[in-house]
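Trainee: Given the coordinates of chain R, assemble chain V onto it according to the supplied hints.
What follows is the residue order along each chain.
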Amino acid sequence: MTSPRTLYDKLWDRRCVKQNEDGTSLIYIDRHIVHEVSSAQAFEGLKAAGRKPWRTSAIIATPDHNVPTTEREKGIDGITDDTSRIQVKTLDDNCNAFEVPQFALKDKRQGIVHVIAPEQGLTLPGMTVVCGDSHTATHGAFAALGVGIGTSEVEHVLATQCLIQRKAKNLRIDVSGQLGRGVTAKDVVLYIISQIGTAAGTGCTIEFTGDAIYSLSMEGRMTLCNMAIEAGARAGLVAYDATTEAYVKDRPLAPKGADWDKAVAMWRKLKSDDGAKFDIDYFFKAEDIRPQVSWGTSPEMVVAVDATVPTVASLPENKSADYQKAMQYMGLEPGQPITSIQLDRVFVGSCTNSRIEDIRAVAEVVKGKHIAPTIKQALVVPGSGLVKQQAEDEGLDKVITAAGFEWRSPGCSMCLAMNADRLYEGEHCASTSNRNFESRQGSGGRTHLVSPAMAAAAAINGHFVDISKEAAL
Amino acid sequence: MKPFTQHTGQVYPFDRANIDTDAILPKQYLKSIRKFGYGDWLFDDLRYLDGGDVTTPVSERRKNPDFLLNHADYAASSVLLARDNFGCGSSREHAVWALRDYGFAVVLAPSFADIFYNNCFKNGLLPIALPNETIDELFAMSQSEKLFVTVDLQTQSIFTETHQWHFDIDESRRQNLLEGLDEISVTLKDADTIHAFEDKLKQAEPWVFQNIL
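Protein sequence lines correspond, in order, to chains R and V. For what it's worth, our numbering labels the leading residue of the first sequence as 9, then goes sequentially. For what it's worth, our numbering labels the leading residue of the second sequence as 8, then goes sequentially.
These are computed hints drawn from the structure, not numbers from a lab. Predicted model, so just to flag it, every value in this text is computed and none were measured. For every residue, glycine included, the Cβ atom is placed at its ideal position computed from N, Cα and C. Be aware that one or more of the hints could be misleading.
[Unchecked claim] Think about it this way: if two alpha-carbon atoms lie no more than 20 Å apart in a straight line, the pair counts; the simulated PhoX-like pairs of lysine-lysine are: (1) V:209 to R:18; (2) R:26 to V:207; (3) R:26 to V:209; (4) V:129 to R:175; (5) R:26 to V:196.
[To be verified] Not everything, but these chain R residues come out facing chain V in the computed CB check (under 8 Å): (6) 48; (7) 49; (8) 68; (9) 156; (10) 157; (11) 159; (12) 207; (13) 424; (14) 443; (15) 451.
Same shape as in the complex, but just chain R:
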């Protein structure tokens, strides 16, 4: 009998090609997602060394970080920013030169890397998934091992189909009970990070467990695992169950027929064994979680919407200076109620919250209403061409635009503001993205991380409101 293993142990063992004497292992990579920002130098490196990709059927490329969200019918030539156009064109050229499959800019399947791969069944349970993007943790929602890598590692995976990894520690975060009204996966993960801090997961793989987690849809689980990196963990996981199975079935790249049966039999074992040992454990209760809002410049600077910006006296001594600096940057007073923060822009999108469920949540809140006159801009940027199409088939775009939002084409957009969608100096934004770092969404911009429903309600009111008390839900 082997000793009980965690889900992470199993995923690791399934793809361990070789254990090196120095404690590292060679891990086989099933799926490699490539985008324009972290790949050019990797392809350049391959070229310089006269190498080719090991297995092109492992790779899917798509431009997302740097693409405009308007006038997309013009394709690459329509990108007005010269450096952005060159970068997207370079990805296109590299895909052609190395015969790498690509969902190009005008393809319906183009979109944010962490949205399109699950959508197509390119991410499947038990797989190892890498991408030159830290939010690759998202794919852990499928009981797959998704890790973000740097450009040198992108080149390494292209050339060898393997990644040199040191096994991480097992960290479990359990959320028991039932989530309250208006409390979403985004609130759960923001709450967790506010409690454990942004470095708690460093050197760890997080497995999320408990009733509250298992009750989440796949979209919710992706939101949760997506932000494991904001807690410092390179990977986040949720065990395989009937929800996973239902989502994966009939996806374009999912196994079919006898292969499906064989796969499912294998996938059903993708959960931690009873008695498996975790190095670190955290336990939370769902009923303690309210809709959350970040007030500061780190994803741990988060409180419930009905709370206030922390008072100076309440700050932990070792963090007091950083927290006060954050308040200053954000233009907030200690003890100020969260609901009193006036907003300038609203952004719904990013690999955290741009899936169909997120768009539906926004439509439900804004239906028949209009954004406040003080809101300069409210954007909804769907995560993929197919999410966009589905939302339009459901008539959600009409609801959203009638409420005064702009309905855009897929890409990372204002999450990191590499394209034209951005905040300006001093502007406050209710954003469904994942990072509230200084200037992340535009130089001098002030980001407040929230769920899609909270962002939608904030757009209507011009300031944050407690969604759990809104009648529209």
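Mentor: Using the frame of chain R, we list chain V on its own:
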């Protein structure tokens, strides 16, 4: 990659925790498709008073006089000293390239974010995790006067004329840096093992190998 054996340089004290990769190199510079030339944009939002992008000539930009790296006394620093969780956030290797291109060779902090830490070793930048007390001591020393340290990877030590500290580092990472190894060549020595693994996997999980387009 250039081997790293020993480095002597001035310490640049940057007394902040959670210095993220957006702060190290803002997103507008990720548009470059080159692997070098990021030094002028290191800590861009802090270093300059006006905004810029890859096309803005640096000579035309206004430097922030309050940012210490802009002071003549500190501009030539090459050992960065910071607080916890250095390099958190985005996986952008461009952040490491910016530190390297500016002239930094070593980063000292109590802890690092995983992806950043990993990326450093691929580019000959040495990140060293030190106990909080040592970091406090180094901050105290570097804030009272210009501090120069020598970092020796062979003996895993950091020293000044009066002090010496030991640091721990993973043996394989140390060897790779000392020799300036190309990891891809090393892994490709195992090509047969990888092929054999792949063949077995094709039998067991054929769906992994399905053609995408």
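Trainee: If a hint holds in the structure, say so; if it doesn't, say that too.
Mentor: Checked hints:
no. : hint           : verdict
1   : V:209 to R:18  : holds (18 Å)
2   : R:26 to V:207  : holds (14 Å)
3   : R:26 to V:209  : holds (17 Å)
4   : V:129 to R:175 : holds (19 Å)
5   : R:26 to V:196  : holds (12 Å)
6   : 48             : holds (4 Å)
7   : 49             : holds (4 Å)
8   : 68             : holds (6 Å)
9   : 156            : holds (4 Å)
10  : 157            : holds (6 Å)
11  : 159            : holds (4 Å)
12  : 207            : holds (4 Å)
13  : 424            : holds (5 Å)
14  : 443            : holds (6 Å)
15  : 451            : holds (5 Å)
Violated hints are absent here; each numbered hint is respected by the structure.
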